[in-house]
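All chains, full assembly: derive it from the sequences and hints.
What follows is each chain in one-letter form.
Protein chains: 2
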Amino acid sequence: MVQIVSNLIEERKILELSEYFANLNSVDIAKDMVDLRNEDIVLAFRILPKDTAVEVFSYLELDMQEYIIQSITDSELKDIIDKLFLDDTVDIIEELPSHIVKKVLKNTSKEKREFINQFLKYDENTAGAMMTIEFLDLKESMTVKDAIKYIRNDSLDKEDVDTCFIIDNNRKIKGTLHLKELILNNEKTLIEDIMDRNIICTSTVEDQEVVASEFKKYDLTCMPVLDKEDRLVGIITVDDVMDIIDKENTEDFQKMAAIQPNEESYLKTPVLELAKHRVIWLLVLMISATFTGSIIKKFDDVLQSVVILAAFIPMLMDTGGNAGSQSSTLVIRGLALGDIEIKDYLKVMFKEFRVSLIVATVLASVNFLRIYLLERTELAISITVCLSLFCTVIIAKVVGSLLPIVAKKLKFDPAIMASPLITTIVDTFALMIYFTLAKVLLGI
Amino acid sequence: MVQIVSNLIEERKILELSEYFANLNSVDIAKDMVDLRNEDIVLAFRILPKDTAVEVFSYLELDMQEYIIQSITDSELKDIIDKLFLDDTVDIIEELPSHIVKKVLKNTSKEKREFINQFLKYDENTAGAMMTIEFLDLKESMTVKDAIKYIRNDSLDKEDVDTCFIIDNNRKIKGTLHLKELILNNEKTLIEDIMDRNIICTSTVEDQEVVASEFKKYDLTCMPVLDKEDRLVGIITVDDVMDIIDKENTEDFQKMAAIQPNEESYLKTPVLELAKHRVIWLLVLMISATFTGSIIKKFDDVLQSVVILAAFIPMLMDTGGNAGSQSSTLVIRGLALGDIEIKDYLKVMFKEFRVSLIVATVLASVNFLRIYLLERTELAISITVCLSLFCTVIIAKVVGSLLPIVAKKLKFDPAIMASPLITTIVDTFALMIYFTLAKVLLGI
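From first to last, the protein sequence lines stand for chains V and H.
Numbering of the first sequence is given in the numbering used here, commencing with residue 5 and proceeding in unit increments.
Numbering of the second sequence is given in the numbering used here, commencing with residue 5 and proceeding in unit increments.
Please keep in mind that the hints were generated in silico from the structure rather than gathered at the bench.
Values in this document were obtained by computation on a predicted structure and should not be read as measured data.
Check the hints yourself; a few may be wrong.
No copy is singled out in the list; a pair is fine if it fits within one copy or between any two copies.
Claimed, not checked - The list that follows gives simulated cross-link-like pairs (lysine-lysine, BS3-like), each with its CA atoms no further than 30 Å apart:
| hint | residue 1 | residue 2 |
| --- | --- | --- |
| 1 | K272 | K125 |
| 2 | K413 | K221 |
| 3 | K347 | K272 |
| 4 | K232 | K415 |
| 5 | K221 | K87 |
| 6 | K192 | K149 |
| 7 | K272 | K251 |
| 8 | K107 | K125 |
Printed below as a string of structure tokens:
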């Protein structure tokens, strides 16, 4: 596709290019433009019809938006900013360098500038920062005919017009009305008689994660946002919620792999930044792991007399770590989706205990068969290894399931209680059990 | 809330109860009913207005749906099934025991039964299995007035009426039309003049994950589904897509923790089932870990002469595993979100190599300070440990980043190349490097 566009630009076939674009969705045009040379981007961008151009602009990567803003004239920029949805404008202003922001604000209407300033005050990750102000508001006293006339006359482009919001003179929300009701009902029907008074709404300060779970719970496509005085100030649309769900999941994946969360996409993040987000947890875990090492040091007489015991350390540590991570992952995910709550901790522990009994029995038996019968390891050592494995798996699963719930109770993110930390904790248990059993069973 | 409901039922305050329900959303009523006694559920259910009852029913857990179906009369059931969306009906039929399904099918109209049979043929996880058939179809030749009249006369409840789908006489899709266009345009305007011909659609056999990423890419709220002959057979709505996104993420979390994916929620899954989903991977990994053990066996002369070397094994193994998991997690997530593609493998490897140089230098230096200066370990041993750590971290990161891409290239799910498997692989490298360096540097 890129080849087509750059060829057409090369040969200055402006008409063909604009026809080619006419058949594409804005998202795809934006994707096509990624690989163009900078000067070609601006040319291609100028060929687009105004409305399409604004849409394409909102889908472009930040560095390209920056390049375009720098390259086009003030009046061209003004046209774009005028039509750009407020939430997209705010995103650009938050991310771009200050000299670009200046050029943007210079070409923004006073009214929109005021809105932007208000938006910049909302904390990141809140409903306020997610919402947009382009929505349709009606009054209870309107008839269907009035409402239709009002919608027709309202020139502003609305991000989500599937639902209208009915407010009173103080901008307090009274109900919602699906557009189809305007089509299905008689012209003379009053809005207040057909509106839905059962409103699911949120406040500007609500956490975006909570908003996302409300959307899922109630199968919403949009949600009104109220300020502290309960006035309707904006709406959140489902497409932004899907982005949030992806972002929150990525954050959990990163935390669970001992990485400090980073929103940038992998290939765009500089090496130093990537290293910085990883090294701190690795340091903490490395130093914790040396405690595990000190257990081995403490038992070096045991190891000295039966050096073969060392050969089973990796298997014990890895299996314990894996068994613990399985439990912690399931519980972390359950907590994130709301399937598991803090009050379920006894249920979870008991369940994991029973699961671990089964799993530990299978693993220890298979291991015994292998090392005693196949590898002909001494019986006493085989028993030591398998009994240690049995106990380690049980402790790993119970600890692994409990720690995320404890973290949540202490208001930490349960996701930090994942594989890396659980592994380190379980290692200590595994080695203590192993060497203590060895001492007793082997009589060292 | 549950207290209120059961109290009202206890005291047979039917009017109060129905008023209480009137102020609640169907999702919340369904949630309230979870903790009621079985006989109270049916009573509460019968109090609800018919439309609400159907909605509440679709939000109930399977076991409660089953109980209600068993308890109500055939004519009550018929009312529910008639109004239930087809995709919800299919879900129930797929999940419930056969004698319940019989009762459901007996009370389903012949037309709906035919649709259900057709639906049951679609593979799980495809667009066909996700879609619903309740949508609005218009013809190109209609005027806005015709369309509005057609919509008003159409008695069927449509799951998503924000968008109408324009089809020809062979049911081929010609365009889409947002409901607002019917309000904004003149009565005499022809549908073909205002419809959007740029249609993003999918086919019944498409993978649900691909459908979800299209929704995100194009910010859709619904998407038409075509059969092999390109006829419009159904639509997919955004609420179902959000469920899929959650499901797919849960699956990835499970795979990455060496668990075979399981769709049931944690607390509802029987112990034996949980154990079964975990034990296979644990067995595979346990047996792989014994290869690591055999390296220690091979070098037992080294360990015999310098037994203190064993004390650093946990730290080396854990740090290597963690460093590798960080890289594999980022790459797996990048691949899942489409940020990273197979063709980027060289870029990724080079990036991880540079990141690992920084991270390995920091970790090895801190470790050297600690074990040589603080713990006064012999210089040669300190150097052996830190050099091994340095090499292990570099190998871990490069291998950890590459394996998920290799898995994807070989058409495996990259998510299996996560922490557990990477740890086992990296352990082997770590110990080989460690003992070889020890032999050379300590002259054993």
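Violations among the numbered hints: Hint check: nothing fails, all pass.
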